[in-house]
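Asks: Listed here are the chains, written in short residue letters.
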Amino acid sequence: MPLTLLFEQLLNSLQFGMMLFLMSAGLTLVFGVMGLINLAHGVLYMVGAFACAIVASLTGSFWLGLVASLIAAAMAGALVEIGVIRKLYQRDHLDQVLATYALILIFSEATRWLFGSFPLYLDVPQILATPINLFGWFYYSSYRLFIIFVGLVVAVGLYWLIVKTRLGMRIRAGATDREMIAALGVDIRTLYTLVFALGAGLAGLAGALLGALQSVEVGMGDSVLILAFVVIVIGGIGSIKGAFIGAMLVGLVDTMGRFLLPELLALFLTPESAASIGGALSSVAIYILMAVILVVKPKGLVSANA
Amino acid sequence: MSDCILQIKNLCKKFGELKATDGLNLDLRPGEIHAVIGPNGAGKSTLIKQICGELAPDSGSIEFLSHDITALDVAARAKLGLGRTFQISSLLLEYSALRNVMLAVQGFRGASYQMFTPMAWDSSLREVAMQALTEVGLQQRGDVSAAQLSHGERRQLEIALVLALQPKAFILDEPMAGMGAEGSKKLTEFLDQLRHRAPILLVEHDMDAVFSLADRISVLVYGKIIFTGSVADVRNNAQVRAAYLGEE
Amino acid sequence: MLSINREQKLNLLIIVVILALPSAALWLQEPFYITLMTKVVILALAGVGLNLALGLGGLVSFGHAAFFGIGGYVAGILASHAFNDEWLFSFFGLQVSGSSSMLLIWLLAIIVAAIIAAVIGYFSLRTQGVYFIMITLAFAQMIYYFAIAWPAYGGEDGLSIYVRNQLLSLNTADPMIFFAICFILLMAALALVSMLRNSHFGAALQAARQNEQRLAAIGIRPFGIKLTAFVISAAITALAGALFADLNRFVSPDMLSWHTSGEIMIFVILGGVGRLMGPIVGAALYVLFEYYLGGITEHWGLFLGILLLTVVLFARGGIVGLIAGELKHE
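Chains as they are written, first to last, in my numbering: chain A, 5 to 310; chain B, 3 to 250; chain C, 20 to 349.
These are computed hints drawn from the structure, not numbers from a lab. Heads up, the beta-carbon is just placed ideally off N, CA and C, and yes, glycines get one too. Do not take every clue at face value.
To be verified - Restraint ranges, calculated between C-beta atoms of paired labels, are given here:
{"hint": "1", "chain 1": "A", "residue 1": "Thr-194", "chain 2": "B", "residue 2": "Gly-185", "range": "27 to 33 Å"}
{"hint": "2", "chain 1": "B", "residue 1": "Gln-142", "chain 2": "C", "residue 2": "Leu-332", "range": "54 to 60 Å"}
{"hint": "3", "chain 1": "A", "residue 1": "Trp-117", "chain 2": "B", "residue 2": "Trp-123", "range": "53 to 59 Å"}
{"hint": "4", "chain 1": "B", "residue 1": "Asp-60", "chain 2": "C", "residue 2": "Leu-332", "range": "29 to 35 Å"}
{"hint": "5", "chain 1": "C", "residue 1": "Leu-341", "chain 2": "B", "residue 2": "Trp-123", "range": "38 to 44 Å"}
{"hint": "6", "chain 1": "A", "residue 1": "Lys-91", "chain 2": "C", "residue 2": "Ile-130", "range": "41 to 47 Å"}
{"hint": "7", "chain 1": "B", "residue 1": "Ser-152", "chain 2": "C", "residue 2": "Leu-341", "range": "29 to 35 Å"}
{"hint": "8", "chain 1": "A", "residue 1": "Ser-121", "chain 2": "B", "residue 2": "Trp-123", "range": "54 to 60 Å"}
Stated by the list, open to error - For lysine to any residue, the following SDA-like pairs were computed, each having C-alpha atoms within a straight-line distance of at most 20 Å:
{"hint": "9", "chain 1": "A", "residue 1": "Lys-301", "chain 2": "C", "residue 2": "Gly-148"}
{"hint": "10", "chain 1": "B", "residue 1": "Lys-81", "chain 2": "C", "residue 2": "Ile-203"}
{"hint": "11", "chain 1": "A", "residue 1": "Lys-301", "chain 2": "C", "residue 2": "Phe-242"}
{"hint": "12", "chain 1": "A", "residue 1": "Lys-301", "chain 2": "C", "residue 2": "Leu-326"}
{"hint": "13", "chain 1": "A", "residue 1": "Lys-301", "chain 2": "B", "residue 2": "Gly-18"}
{"hint": "14", "chain 1": "A", "residue 1": "Lys-91", "chain 2": "C", "residue 2": "Arg-335"}
{"hint": "15", "chain 1": "A", "residue 1": "Lys-91", "chain 2": "C", "residue 2": "Leu-328"}
{"hint": "16", "chain 1": "A", "residue 1": "Lys-303", "chain 2": "C", "residue 2": "Gly-148"}
{"hint": "17", "chain 1": "B", "residue 1": "Lys-81", "chain 2": "C", "residue 2": "Arg-335"}
{"hint": "18", "chain 1": "A", "residue 1": "Lys-301", "chain 2": "C", "residue 2": "Arg-145"}
{"hint": "19", "chain 1": "A", "residue 1": "Lys-301", "chain 2": "B", "residue 2": "Leu-57"}
{"hint": "20", "chain 1": "A", "residue 1": "Lys-303", "chain 2": "B", "residue 2": "Glu-56"}
{"hint": "21", "chain 1": "B", "residue 1": "Lys-81", "chain 2": "C", "residue 2": "Gly-243"}
{"hint": "22", "chain 1": "A", "residue 1": "Lys-301", "chain 2": "B", "residue 2": "Asp-60"}
{"hint": "23", "chain 1": "A", "residue 1": "Lys-303", "chain 2": "C", "residue 2": "Phe-269"}
{"hint": "24", "chain 1": "A", "residue 1": "Lys-303", "chain 2": "C", "residue 2": "Ser-42"}
{"hint": "25", "chain 1": "B", "residue 1": "Lys-81", "chain 2": "C", "residue 2": "Gln-232"}
{"hint": "26", "chain 1": "A", "residue 1": "Lys-303", "chain 2": "B", "residue 2": "Leu-57"}
{"hint": "27", "chain 1": "A", "residue 1": "Lys-245", "chain 2": "C", "residue 2": "Tyr-150"}
{"hint": "28", "chain 1": "A", "residue 1": "Lys-301", "chain 2": "C", "residue 2": "Thr-329"}
{"hint": "29", "chain 1": "B", "residue 1": "Lys-187", "chain 2": "B", "residue 2": "Asp-210"}
{"hint": "30", "chain 1": "A", "residue 1": "Lys-301", "chain 2": "B", "residue 2": "Glu-56"}
{"hint": "31", "chain 1": "A", "residue 1": "Lys-303", "chain 2": "C", "residue 2": "Leu-332"}
{"hint": "32", "chain 1": "B", "residue 1": "Lys-51", "chain 2": "C", "residue 2": "Ala-334"}
{"hint": "33", "chain 1": "A", "residue 1": "Lys-91", "chain 2": "C", "residue 2": "Thr-329"}
{"hint": "34", "chain 1": "A", "residue 1": "Lys-91", "chain 2": "C", "residue 2": "Leu-326"}
{"hint": "35", "chain 1": "A", "residue 1": "Lys-91", "chain 2": "C", "residue 2": "Phe-242"}
{"hint": "36", "chain 1": "A", "residue 1": "Lys-91", "chain 2": "C", "residue 2": "Ala-334"}
Just need the whole structure built from these sequences, with the hints factored in.
Replies: Laid out in structure tokens, this is it:
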């Protein structure tokens, strides 16, 4: 196996992991601060992708589309928070699961109604369309590198926001002690809306970035949503650091599993059964990873209140 | 030593750097009421949790009726006859008072996997449960759901639940908490009789109750028993006064 | 003792309606409606299974599609081997054939689902709250992706059952007979759940939902009680899955997807969590929506979403709760 191929797959893992991080950061924040389990997070991913595709096709600029995705998803998030989510903070997880599941149905069908069932297409911007030569060694998609870059910028930005700013201090306080922050006189409703909108915006950004690699269609958020849940459960729900570690781990195990398992099994089995068993195993690999981690550490790798 | 009902040896539990239980030794002998007192934060709740199995100690051992129970879980210890009450009433709020106690009797009998007969038809369960309710003075309140009982009645129900388990030792975690003067007095009289059924380890803040009930008192400070003795000993001990009673 | 309360009256009414509708359809010679009611009955059965874990035990399983799908695949796999006259497996002289006998299929569906539920439950029940929801979802996804990636039984395309499986000497292809089979199984499951609910075991199970600390303190280990309920719950849902496969004469990974888990949950919630007949009302409402609104607009999911949201936000006892008032013990 050529080493460049392995290296390329490692970069793909990193890119996939970064996208998962964008998705899970908001999910884990919302759970950590508000104690809410939000299935409708995948819908915001879809909203971002649609906003980007529409704005990009109207203006011809991918970059404007990207900005639009952030704004549209954050606004949709804020609206949903004010209209529905707010009523769910005091409810049990079952009510939260069902209400946000209902939101998925509502948003998905409304989007299908407005834009039809056919996927929209979103092209990679011209400047990132050609592969880039890495270290004179091999060529790699510059767009994927861009996604990795965006993921890193967001990770650093979130770290700065949470650790260094006043807003971040309040978010941390909210995650550890909800009564305390209310007692401090912080306007908790606005804080919650802000946190929700922030998470929604990041999910929208992820949707727009990935929309250019895949197609933009209703239901695109579903599979990503489940992966994001796997990520935050592995990382420890409520922890941004945990979400980052979880995202990298899931990105690595999923991508490398698909790449390596069939090859590995081919050493013992016929090529045909190696391909089919390898395929089956690699698609369940991350779930096995999650189950194993939860059995060893029932609250995930990073405890949120530490 | 083997005639001790409960014997705790060298128990240690750390939370981070904090030694909540620090080489603690304690025993409970037949027929006695052994009170554990100590200032807030001395590690009383941590001790109770380790005795009952909600918290695993880092080291040390707990023997109950000559069995080493250190590795057993809460339910297993309860089945062996360790009956505890909670500082903050821990009840089945949707169930009636009677049904709460019936379930405790069911737990004692180990009948919880009977799937084919309605629990409500089990008249022997009902009778025993009713007896326990009557003993604590709740016989008129059997049909009221636990959620609708007053605070004092919930404390009484806590006691009825533990009676239904016919324990070999009672572990009572601040049973007087939140009871009025009248209620405390009644409960004190009740506990005085209860010691004839099984010895009582009593963790309590109410000094009047402790001094009138206890055969022995242990003083817990910073995770250690600093003194064990009779009521008179404790009253006269300078160390105890300095560490605890002086603060009152 | 003879007086019956409002919920019991409602329950009787529900049973009468479920029986009356297909009979009317038979009389009007509209077999399609019999099939529609059969679907209601089967989906309700799946919900009755989940309701045991969710409603009585408070176990929010987001992975019951796994058991529904397992039931379906047991039916599909046995039937396809029987149809093609191939050995199911042949191992050192031990040869096992497929089968088109419903009785055998049901039994196997229940056993396989129970074993898998025991494994899933053993690991999942160590966790609490959101982690439990997520780990049950993860296990179901594992099975879902496995079914997609495993080519032997159709992979993503699913598996057809060419001839409906057989029960004794009945003509199972007749819609009314198949309805009757499903109805009887639903009633049996309801009787089982009702019996469990009132039993010693049910008292302990509902106590586990209210206060695990108390349950342990009276010497009842919550883990064992919850695991037992989870396994029985899975077995009932798997039976529904086997019937669903026979109804559609088709199984696919769709039955295993997380949307299916969500839908089974919806049946339970719309009807009313912990209500004996809740899943029937919920499933009926769901199928009604799917069929009637689906006939008017393909975006019926939008309205289902709005209904679900309304019930969750404003009618927490579900439909049965609205009509019969609050849930009471004894």
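Asks: Confirm or reject each hint.
Replies: Evaluation of the provided hints:
no., hint, result
1, A:Thr-194 x B:Gly-185: 27 to 33 Å, "violated, 46 Å"
2, B:Gln-142 x C:Leu-332: 54 to 60 Å, "violated, 40 Å"
3, A:Trp-117 x B:Trp-123: 53 to 59 Å, "holds, 55 Å"
4, B:Asp-60 x C:Leu-332: 29 to 35 Å, "violated, 47 Å"
5, C:Leu-341 x B:Trp-123: 38 to 44 Å, "violated, 31 Å"
6, A:Lys-91 x C:Ile-130: 41 to 47 Å, "holds, 43 Å"
7, B:Ser-152 x C:Leu-341: 29 to 35 Å, "holds, 32 Å"
8, A:Ser-121 x B:Trp-123: 54 to 60 Å, "holds, 57 Å"
9, A:Lys-301 x C:Gly-148, "holds, 15 Å"
10, B:Lys-81 x C:Ile-203, "violated, 41 Å"
11, A:Lys-301 x C:Phe-242, "holds, 18 Å"
12, A:Lys-301 x C:Leu-326, "violated, 38 Å"
13, A:Lys-301 x B:Gly-18, "holds, 18 Å"
14, A:Lys-91 x C:Arg-335, "holds, 13 Å"
15, A:Lys-91 x C:Leu-328, "holds, 11 Å"
16, A:Lys-303 x C:Gly-148, "holds, 10 Å"
17, B:Lys-81 x C:Arg-335, "violated, 38 Å"
18, A:Lys-301 x C:Arg-145, "holds, 10 Å"
19, A:Lys-301 x B:Leu-57, "holds, 17 Å"
20, A:Lys-303 x B:Glu-56, "holds, 18 Å"
21, B:Lys-81 x C:Gly-243, "holds, 15 Å"
22, A:Lys-301 x B:Asp-60, "holds, 18 Å"
23, A:Lys-303 x C:Phe-269, "violated, 39 Å"
24, A:Lys-303 x C:Ser-42, "violated, 53 Å"
25, B:Lys-81 x C:Gln-232, "holds, 14 Å"
26, A:Lys-303 x B:Leu-57, "holds, 17 Å"
27, A:Lys-245 x C:Tyr-150, "holds, 18 Å"
28, A:Lys-301 x C:Thr-329, "violated, 37 Å"
29, B:Lys-187 x B:Asp-210, "holds, 9 Å"
30, A:Lys-301 x B:Glu-56, "holds, 18 Å"
31, A:Lys-303 x C:Leu-332, "violated, 29 Å"
32, B:Lys-51 x C:Ala-334, "violated, 40 Å"
33, A:Lys-91 x C:Thr-329, "holds, 12 Å"
34, A:Lys-91 x C:Leu-326, "holds, 16 Å"
35, A:Lys-91 x C:Phe-242, "violated, 32 Å"
36, A:Lys-91 x C:Ala-334, "holds, 13 Å"
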